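Chemist: Residues per chain are reported as follows:
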Amino acid sequence: MTALQRLFKFNGGVKPAYNKEASTGLPIAVAPTPTLLVIPLHQSIGGMPRPLVTAGERVLKGQRIGGADGNVSSAVHASTSGTVVAVEMRLMPHASGLSALCVMIEPDGRDEWIPRQPFDFRSATPTQTRDYLRDAGVVGLGGAVFPTYLKLNPGKQGKLDTLVLNGAECEPFITCDDVLMRERAATILKGVVIMREILSAGQVLIGIEDNKPEAVAAMEIAARAANQAAGDSAIGVVSVPTRYPAGGAKQLIRVLTGIEVPHGKRSTDYGVQCFNVGTAYAVYEAIALGQPLISRIVTVAGNVTQARNYEVLFGTPMRDLVALCGPLADSDRVIMGGPMMGLLMPDDSVPVVKATNCVLVGSKKLFPPPPPEMPCIRCGECAKACPADLQPFEMYWFSRAKIFGKAQEYNLFDCIECGCCAYVCPSHIPLVDYYRFAKSEIWAREIEKEAADVARERYEFRLLREEREKQEKAAKLAAKTAAGREKAAAAIAEAAKPAATPEEDAKKALIAAALERAKAQKELVHPGNVSDLTPEQQAEVAAIEARRAEIREMAKPHLRQDD
Amino acid sequence: MNNSPYFLKPASVQSVMLRVLVALLPGIAAYVWFFGAAVLVQIALASVTALAAEAVMLRLRDKPVMLFLSDGSALVTAWLIALTFPPIVPWWLTVIGVLTAIVVAKHLYGGLGQNPFNPAMVGFALMIVAYPSLMSQWPAAGFTDFVPQWNAIFGSRELDAITMATPLDALRTALHTADARATVAGVLGSNATFGNVGGKGWEWVAAGYFLGGLYLLQQRIITWHMPVAFLATLFVISGGFSFYDASRFAGPGFQLFTGGAMLAAFFIVTDPVSGCTTPRGKLIFAAGIALLTWIIRTFGAYPDGIAFAVLLMNIATPLIDMYTQPPVFGHKIKGEDS
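Top line first, the protein sequences correspond to chains A and B.
Throughout the first sequence, residue numbering follows our numbering, covering 1 to 563 in sequence.
Throughout the second sequence, residue numbering follows our numbering, covering 564 to 901 in sequence.
The set of hints was computed from the structure by calculation and includes no laboratory data.
Predicted model only: the values in this text are computed from it and were never measured.
Honestly, I wouldn't trust all of these hints.
Derived Cβ-Cβ restraints for the label pairs, each shown as a range [said to hold, decoys possible]:
| id | chain 1 | residue 1 | chain 2 | residue 2 | range |
| --- | --- | --- | --- | --- | --- |
| 1 | B | R624 | A | E214 | 54 to 62 angstroms |
| 2 | A | P262 | B | K626 | 40 to 48 angstroms |
| 3 | B | K626 | A | F461 | 54 to 62 angstroms |
| 4 | B | L581 | A | A144 | 40 to 48 angstroms |
Derived DSBU-like pairs (lysine-lysine); straight-line CA-CA distance at most 30 angstroms [stated by the list, open to error]:
| id | chain 1 | residue 1 | chain 2 | residue 2 |
| --- | --- | --- | --- | --- |
| 5 | A | K384 | B | K572 |
| 6 | B | K626 | B | K572 |
| 7 | A | K15 | B | K572 |
| 8 | B | K626 | A | K365 |
| 9 | A | K439 | A | K265 |
| 10 | A | K406 | A | K265 |
| 11 | A | K9 | B | K572 |
| 12 | A | K364 | B | K572 |
| 13 | A | K9 | A | K156 |
| 14 | A | K159 | A | K9 |
| 15 | B | K572 | A | K20 |
| 16 | A | K364 | B | K626 |
| 17 | A | K507 | A | K470 |
| 18 | A | K9 | A | K384 |
| 19 | A | K470 | A | K519 |
| 20 | B | K626 | A | K406 |
| 21 | A | K480 | A | K507 |
| 22 | A | K519 | A | K480 |
| 23 | B | K626 | A | K402 |
| 24 | B | K572 | A | K439 |
| 25 | B | K572 | A | K402 |
| 26 | B | K572 | A | K406 |
| 27 | B | K572 | A | K365 |
Here chain B is said to cover these stretches of chain A; the calculated rule only asks that three of the stretch's residues, wherever they fall, bring their Cβ under 8 angstroms from a Cβ of chain B [unchecked claim]:
| id | region |
| --- | --- |
| 28 | 257–267 |
| 29 | 372–380 |
| 30 | 430–438 |
Here a beta-carbon is modelled for each residue, glycine too, at the ideal position from N, C-alpha and C.
Can you make the complete structure from the sequences, with help from the hints?
Modeler: Below is the structure:
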């Protein structure tokens, strides 16, 4: 198992102070249910789930309160039983400080579950299984919160060579995966077995950084049991060298299999798929126990007297969690995630969500403000530290100069924003900020360009249409005048020669036919997208109007009274 | 409040520059031992001039003076100028050289990190073109008397007693101007300028720089690429030509241990700001400097060609970097890595 696994190296990486011991001393504790749960509807990558409940409604623990919307989306559930007091905009656990639609639940203290039934994925079609996991709200718990059902797809070949389980947990301070593996290894392995079956994976490699020997030992025992039960040796636990960001999905896949998955490619195309160990645990709970994802393990660490891991219901305010650990007096910020990639929270009232692997309390002493930024001296430290083999200083020059095309040529979008470059920079340049800025500028420009393209197409079509109408008008006019001339000529001819020749009759008939045709054509080009609708189209319009009204109704409470 | 990452590795431009200065110390010690304390006077003179010029330029450019003054980059430039100039040049020559480097080559191009040319080499090149004779007066090894050296720098110039051509100069002059029968071996054997490997005394100074270079490698301030490519190229070219005709071309030992070769390999070629940054680019860049140095030394009109070679390759730096970009993660050619 761990014995003779050949390991590969990824370039770069750094070795910051890990600070993990502080939160691994005590077992996982269950965080108390707060007096009010604030559950954001948008907790995963992809579309914002539709709210399925309204204020005043009673909900049960595990009841779906947000339905997956669109191809990439994942459902959201009530974390406990209680009453929905409001569905309204609240501050999100995001660095932007923006608000989004949240379901506020006042717990009734009974913690009453919905009826739970295991899902028989063996007799279900793959699509049914994926729909089930989508509606169970299972997303990647490593921090990226990508809907798991989309990744539980073996891809074109219909089977996978290697299923990689990510227990590396390379970010300093965070130990939620570590303690989960120590305490619930058997359950994780049950989830792994299910995932392996869904993906038809040949082997399973569980990668754990070698600074977590207890987790490695616990997982080895559980893996051995799972292998014995299956009668093979497909599942291996691999201790990988401790070097940030070994827990990056691409870095871990590289270390374990030697495969480099390029940016923008599916890893299944290379026969690999990677999941966090916490996700495997959630898959087990959803499929074998019928429990949707309503809680997770969260590390509370940093500037606190007793760092610890808690099992936390989604929607619990971070402030409540921090209070459990005794924040020190000089604490001045709350960070979601670790010190390398974490997001600075706008406020400590924001709720714990599926992406919250760690609530890190900071202070000026723990995370001192960086020394003044100096010019880049091209020393190349950043390039040596970059795990994506980029030239960070080149991307910095171009991002800074707003030459975004060049920044893209230097593979800006291959940057995983791990922070290694900024960590080692002797000039203390906030390099990652420059990349975030450049990326968002490029995205904004692309959106602008798309909008401009649509507008241009519309304009060009209008020109085309006007030109066509003009031509048709001219044709009609020409036909009319031609007809008039013919008529006059005919009258003169008639006066001169009373009997009309059959030839002339034929000509007249031709002209009349041409006129008819012109008239018919004119009617055809008449813009008719609101009149002459088929009943189906009319029904569709009515449905759209109804939806709009509904949304307006829903938005009313959030609009200010005076506008 | 800043964004992630929230803590940084304790590293700074200042600590990089200070370690470069420390790495120069063994070479300077050997220099003083064999050629007297004049070089220390020049280092002090250059340092004061550099810091003053830097302060004035920072003030004029509205930059935080103390922050940038303490980064140590001006001192590195000053020390390199003092170490590449003859130690007994008059004081004003050093001052002009340093001013050229700091004011023109560094700040007029945008200051720290922005200069396309190595500032110390710009200073050296300008001075050797403008004052070729003054820039060719080197003290003889073992003549360490301080008073005449001090006088040479600040007062009357009674130089004949203390100067001597450098080994490179002596060899070239002998080979180019003397009768056609002069050979490398003959010249080297007959002249007191030459030591066991390179120039007398100079070979020990070079050894000191080599030691300092190893320290820089150990501290990971420089990578192996540039020193190895520079020294290896110089070794191969001079070795090849010396093998072809030992009477007309000096051997690799002589080339590596005379002039500024060792100083250049670890301290000048490796300037990150004006040099290449990609691993392959570093190899090409340093090899190019070695090639040009050997050509100028062997066929050119100047005693040592390193300064010109560095400046010429500085011009090519962006181009080399552009064409030597290392493959990005996941974009490596299939089969390249196993």
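Chemist: Would the pair K626/B and K402/A pass a check requiring their Cα atoms to be no farther apart than 30 angstroms?
Modeler: holds, 23 angstroms
Chemist: Verify the proposed pairing of K384/A with K572/B, using a straight-line Cα cut of 30 angstroms.
Modeler: Roughly 14 angstroms separates the two Cα atoms, so the pair holds.
Chemist: Check the hint pairing K364/A with K626/B against an upper bound of 30 angstroms on the C-alpha distance.
Modeler: holds, 27 angstroms
Chemist: When you check the alpha-carbon spacing of K470/A and K519/A, does it fall within 30 angstroms?
Modeler: holds, 14 angstroms
Chemist: Under the criterion that the straight-line Cα-Cα distance not exceed 30 angstroms, is the pair K9/A, K384/A satisfied?
Modeler: Within the cut-off at roughly 14 angstroms; holds.
Chemist: Holds or violated: K15/A and K572/B, Cα atoms, limit 30 angstroms.
Modeler: Cα-Cα ~9 angstroms, so holds.
Chemist: Given as covered by chain B, does the region 372–380 of chain A meet the bar of three residues or more with CB within less than 8 angstroms?
Modeler: Per the Cβ count (8), the hint holds.
Chemist: CA of K9/A to CA of K572/B, is that 30 angstroms or under?
Modeler: Answer holds: K9/A to K572/B is near 22 angstroms, not above 30 angstroms.
Chemist: Given the hint of 40 to 48 angstroms, check if L581/B and A144/A actually sit that far apart at their C-beta atoms.
Modeler: holds, 41 angstroms
Chemist: Quick one, are K9/A and K156/A close enough, alpha carbons at most 30 angstroms?
Modeler: It holds: about 28 angstroms lies between the C-alpha atoms, which stays within 30 angstroms.
Chemist: Take the C-alpha atoms of K626/B and K365/A, compute the straight-line distance between them, and say whether it is at most 30 angstroms.
Modeler: holds, 28 angstroms
Chemist: I want to verify a distance hint. Is the separation of the beta carbons of R624/B and E214/A within 54 to 62 angstroms?
Modeler: holds, 56 angstroms
Violated hints: none; the structure is consistent with every hint.
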